[in-house]
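S.K.: One-letter residues, chain by chain:
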Amino acid sequence: MLPGKPVFLLTDILIFVLVLSIVSFFAYAMRKPHLRQPWGQVVRSRAGVISMIVLAVYVAIALLDSLHFHPVLENPAADSTEVQYSGEVISVFDQLVSGLRASTEKTYSAPFSAHLYAKETVQQADGTRVRVYPRLAWGAAHLEEPHTQKTADILGLALTGALKAALVWAVLLVLWALYLSARTARAFPVAFRTLFDGRSEVPWRTVSVTLGVVLLVLMVGAEWASKYHVLGTDKVGEDVLYQALKSIRTGVVIGTLTTLLMVPFAIVLGIMAGFFRGWIDDVIQYLYTTLNSVPGVLLIAAAVLMLNVYMSKHAEAFASLTQRADMRLLFLCLILGLTSWTGLCRLLRAETLKLRAVDFVQAATAFGVGPMQTIFRHILPNVMHIVLITLVLDFSGLVLAEAVLSYINIGVDPTMNSWGNMINSARLEMAREPIVWWSLAASLFFMFTLVLFANLFADVVRDALDPRVSR
Amino acid sequence: MIAYIVRRALYAIPILIGVNIITFLLFFVVNTPDDMARMFLGQKHVTEVQIEDWKTERGYHNPLFYNADAEGLDSFKETIFYTKSLRLFVFDFGRSDSGRDISFDISQRMWPSLAIAVPQLLIGLLVAITFALLIAFFRATYIDYWAVVICVVLMSISSLFYIIGGQFVMGKLLRVVPISGFESGIFGIKFLILPVLIGVVGGIGSSTRWYRTIFLEEMNKDYVRTVRAKGIAEQTVLFRHVLRNALIPILTGVVVILPLLFMGSLITESFFGIPGLGSYTIDAINRQDFAIVRSMVFLGAVLYIIGLLLTDISYTVVDPRVRLG
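One line per chain: the protein sequences are L and G, in this order. Residues 423 to 893 in this note's numbering are what the first sequence spells out, letter by letter. Residues -10 to 314 in this note's numbering are what the second sequence spells out, letter by letter.
Looking at chain L on its own, in the form it has when it is part of the complex (with noise of 0.2 Å):
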């Protein structure tokens, strides 16, 4: 249960109904015989289980952060006696790291850093007044002496993070050996020998080891964040770890809802060119050519000034900032899935073409079945390879894109947490001496990673699913 009252905002809406659509299909595949074979193949190559465990963490991240409320109000009017519930609107993940989110500081500090970036002047005690750098008012607090006490501290924290980590991991290891010796039907120990011997279909070593090592930065990284800035502070003194977590699901979501909205235009139309061809082909050529035509960026770009324009004349029609940002990043994806749907209905189109001319398909045709029903029953299943490997094909470069646009300002809305704006505001702190890298250095970690194992991802998945690849 939500400690408020919640929010949907339409992101938030559409990024449900695209996780229960895939795991409708992913049910669905599993009962088919040919479509479960190369689901298979990913699960059984070890980049394909790698990227799929790290991937889950940043989506899980994503989708607890798009679960949105209003936070009940800690200190109500008195007069009133029902619950009151504050305007701002934040979402589970930030209730889960709150002490992040609360833990502001003044301006710039170092990672792990116990004193602020800048000198101040302090006020001490019998009155002289001297230039020191002021301890933070959160990170390292606990401490009394920063300098001798704080590599020790750090690296017990880690050691208990290490630990919950591995006591974790152990417990989900024995679990899971349990779980598979009772579907195999063998002995415990046996099934535990397969998780680590390299030797099982399933390369279930490369999981095991993989999944510790996500706990342990997991754990450890918790253990740090509780007590220090472990990516430091940005200018306004906001944890950039929060920043970089939070941008997560700006990512995600682009990522993703760009092309789930491309793709029923794009299936629609590219099947209705191939399929029947004539002055239908040529129509949809021409709509795609002449779209295809226009640099993309420069129609994000025209598109997106003109809903600054638009939003800056009806204000009033969003009821919050963060439904007004959701707004602009809907519509980002609604114009990044315009620009880029061109290429996904050519291919469609010259597949069905192909289809066409098959056999099973002139054989529904002589039997009178009408255009409708083959194409749902035979042109439709036969596709759907391309709209899968397009999909995660799409997702790295999508992300990429997004910080792109953010720094020429024609991306996401600027109060948005998203790696662009995060490297977009941190380009200029790069002049400073010393140096502020850390801003950047996280956005573009965060961004490599999620990019990093989505093209692996992506590259099994095609291996897998594209008949054209020989196995």
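Just so you know, the hints here were simulated from the structure itself, not pulled from any lab data. All figures in this text were calculated on a predicted structure; none of them were measured in a lab. Ideal Cβ positions, reconstructed from N, Cα and C, are used throughout, including at glycine. Among the hints, erroneous ones may be present.
[Unchecked claim] Okay, the calculated bits of chain G under chain L, using three or more residues with CB under 8 Å as the criterion:
hint: 1; stretch: 10 to 17
hint: 2; stretch: 250 to 260
hint: 3; stretch: 283 to 289
Model the placement of chain G on the given structure of chain L, informed by the hints.
M.R.: Frame of chain L, contents of chain G only:
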């Protein structure tokens, strides 16, 4: 051949009209000239008179499609669609909202864009083909495996990282080249080194991987096996046969982007302060100068269509089996 080119050129006309209508809808219908005037003059304290003046000065005072006040043909001519959009067909871009001649600006700013884009393309192509050929030579070994992994890693790094990192290391730490700026003439080369280098490094991952696939596909063909069976050395097979045939898809892939090189790169140019068309566009976006953005959209569409036409022609040039009809 001539007939084909003429037919394709004619086919481009409806597409350009379509592009024109899209830009027109985006710029004038969704966002009326009144809004533009308010945006330009500042939101608050703008009188109707000021708005009318601003619109008259820039020719936005006419109705959108049909002018009921004018006589005969003029009722179509004295409209925004005619004066602002149809003029684009004869490459008459008019004046920007800040009053400068757009055509002149484009002709001036084209050269810096080309100075970056052409060397970047050529060096990038050369490097990527060399690497891809090397990887193809070592196919199915650990070298191949790790080279592909490195390519994927390079692909996964944001282009912003290459630019910021490159500027920091080369310009600030090592002080080899200036961080940004531009100068025409032979001494301007020192300004070009860094952006070209970064452009090449940034694109190397994906292009090497792509070319590797093309080479490997070519190597699996029957004629390569026959050549090998004849006892020809592997180097000769690669350079004489595989490279030449694989160049067909590579070059035709390059031809389509050739005309777009004029447009420059938005990101590179604005980071390095190069006065090319890319930074021109970005400045226009940031200043919300709609006349410039509209012109660039149209120019980009024209160049893209030229690129498509060139691609078709280049197929017949490099591959005599292809006949256009």
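S.K.: What are the numbers of the hints the structure violates, in ascending order?
M.R.: none
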